[in-house]
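J.: So you can see what is in the structure, the chains are spelled out below.
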Amino acid sequence: MNKLIAVLKREYLQSVRRRMFIIMTILFPALMAAAFVLPSLVMVKGLGKKQIVIVDGTGRLQSTVEHPESVPARRRPVAAGDREVEMPLDYVYVSAADPEAAAKPYIHRLGAERKAERVDGVFVVPANAFESNDSPMRYYSRSSADFITQQRLGDMANLAIRRARLQALNIPPAEIEKLTNRAQVEAVQISKSGEAKKGGAENLIFGLLFGFLLTMPSFIYGIEIMRGIIQEKSDRVVEVLVSSMSPRALLSGKIIGVAAVGLTQIGAWLLMLAGLATFFAAAVAATGIDLRQYIRASTFIYFILFFILAYLTNVCVYAIAGAICNSDREAQQLIAPIGVLMMLPLFLLGPIITNADSPMIVGLSMMPMYGPVTMFIRTLVSDPPVTQILTSIGVSLLTVMVFLWATAKIFRIGILSYGKRPTIPELMRWVRVA
Amino acid sequence: MIARRGMFPPMQEVLTVENIVKTFATVRAVRGISFSVRRGTITGLLGRNGAGKTTTIRMITGIFMPDSGSIRWQGAEGAKSFRDRIGYLPEERGLYRQMKIVEHLLFLAEIKGKKPAEVRPAIDRWLQRFELGEKRNAKVEELSKGNQQKVQIIGTLLHDPELIILDEPFSGLDPVNVMLVRDLLRELKEEGRTILLSTHQMGEAEKMADDIVLIHQGQAVLSGDLEQVRRSFGSNTLHLDFDGDGSFLSGLPHVVHAAIQNNSAELTLEPDADPQEILQAAIGRLRIRRFEVAVPSLEQIFISKVGTESLSTEAA
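Chains as they are written, first to last, in our numbering: chain R, 1 to 434; chain C, 1001 to 1316.
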């Protein structure tokens, strides 16, 4: 045990003293914030004002286009919550009997080099748009993914069409205003005990944030362990180590030492988060978000528990890669495809958060490897049954035990192998004979 | 550093290796090696590269488990039982490059079950002795290769081991450091420690070892007290120093084997050959400066046991 602690202490001190650790601890929250805020900023504002040409075959949309403030703006999907976001568009209105023909010269100017000539989008409203829905409106742009602008223009035209159709039925303008007004929807999450919590977009944000916080360290420190083992092999320290202690104690010391580094870092981040939250508590409360909904004792307990389970599962895979490879490059090549498979819950964070109780996500939350992250997110955004939580923990514990057992065996032989990388049948044999 | 002479009855067998076997995939690296090591002696584990020396050592140190056979320390079986009493200097030497010397030495002592406070005075003594006192807080990577080897040797001895196992301790050392290690080994032996020295350098083993174990193709082909082994090979070896071209010596009658280098030769004669006849034949063509009838060198013994290839040229 003392030997394990000696290894643990060495791993921990060597890691936390590194400049990289200090930089990452400070920089990572800033990077995370940038990762969340920048995309939505870029989506909405980053490209500046857009020049949109509206070619109107009906000739009846001019007033709507000239007073765009009368049209409700699209909401930003994620970061802005309930606040409405202004999306600057500059319109040029063209009325034409044959809108498709009239649109052609503008379509040629899409993405033109000279700014004065450039057009970012051409929105064509067919002549019979008010009478029938047979011919679709068209939005031409260089980017097929510019769905926000497309939807906004569509909404604007549809609203005008709806109003005009209602007007045709002789409905007074005040009534039309009432009929076409959008009602707000507020998401409310109901727990098993019947407690109502404000849900919606914030759930998504917190789910994403904690999902990253839970997953990223185990990948970062998994690579750290893998590189450490390769370093020990190439520095030839490993032989002295395994002549003094069992490979299992050595491996456990390393894994726990690096886990402690990860927890230290996460602890620092959570402290920063708590500090920021306290600082901005008033501002946050003003937006209607109740932070206490997310910062609960159970959240922290689940977080630590699932972090350790996710960490141990992932790290074993990295330790095996380190033990069987002779260079960083070789190990990176080996681990890259496996890493993508292991990161699956990270790619699925969106669906996990929005469909936390769907059969597929429930299944995923009780699977080896994917269980810890998926189940933690479920506990955060939903209210999974205790039996499912316990099953997930049990499955993960079992996975970790099997992984540690196999890793220790492969580690025992792998760390002293300097030749060709073993094949999978050879690895199986190592597990059997070690 | 710590006098142990007289602590244990001398020459008692402390390490017994019995019929150990180790196979890797299809390679039988060790095929039933047996030998014993006496307390307070230096035992030379000799053989070519790939003979099975390192695998044997790795089984003694508990890195590998033997497929069969047993390893006993003072009668107790299993490497785990005496792991902390071994000081092991592997052939593949290495240290954590980023660690400070003192921290590294403390770590090496801790994984041998020592508490930092117990070994701090010893660290100071050893660093002074190896003239590394001023570099105690330097990182390993800042040291020269020779100094790194000294740190590794200190790490091997710091926890006051009873059995010291050195795998090719002279490889990569400059002549000054070779002398340093040689003196240190003699001193450790004087202190009553038991040393197992694996090497392919017959000359070094001849200077240091009390006992030898000759390993070839995974088997111990010869073992025992070095002097007795040499005598058992008879006094049919001639050492000649001369001026002139001695290449004809290998073709003389009754010469079984000749190792001729510059102006000296070691000739192995047929069992009943008369050394005087060789002397007479040589006098006619060379100016003889030394003529000695002796027991064979370890190199000669090795060649006669395992074949004609020279050990040192094979393993260099």
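Treat the hints with caution; some may be incorrect.
With a straight-line Cα cutoff of 25 Å, these simulated DMTMM-like cross-link-like pairs (lysine to aspartate or glutamate) come out [as the list claims (entries may be wrong)]:
#1 R/K409 to C/E1134
#2 R/K409 to C/E1141
#3 R/K9 to C/E1077
#4 C/K1145 to C/E1134
One-sided and incomplete, this derived list gives chain R residues near chain C with beta-carbon spacing under 10 Å [claimed, not checked]:
#5 A6
#6 Q150
#7 Q151
#8 R236
#9 L276
#10 R429
It should be emphasised that the hints constitute simulated quantities derived from the structure, not laboratory data.
For glycine and all other residues, C-beta sits at the position ideal for the given N, C-alpha and C.
J.: Hint compliance check: list the failing hint numbers for this structure, sorted ascending.
T.: 1, 2, 3, 6, 7, 9
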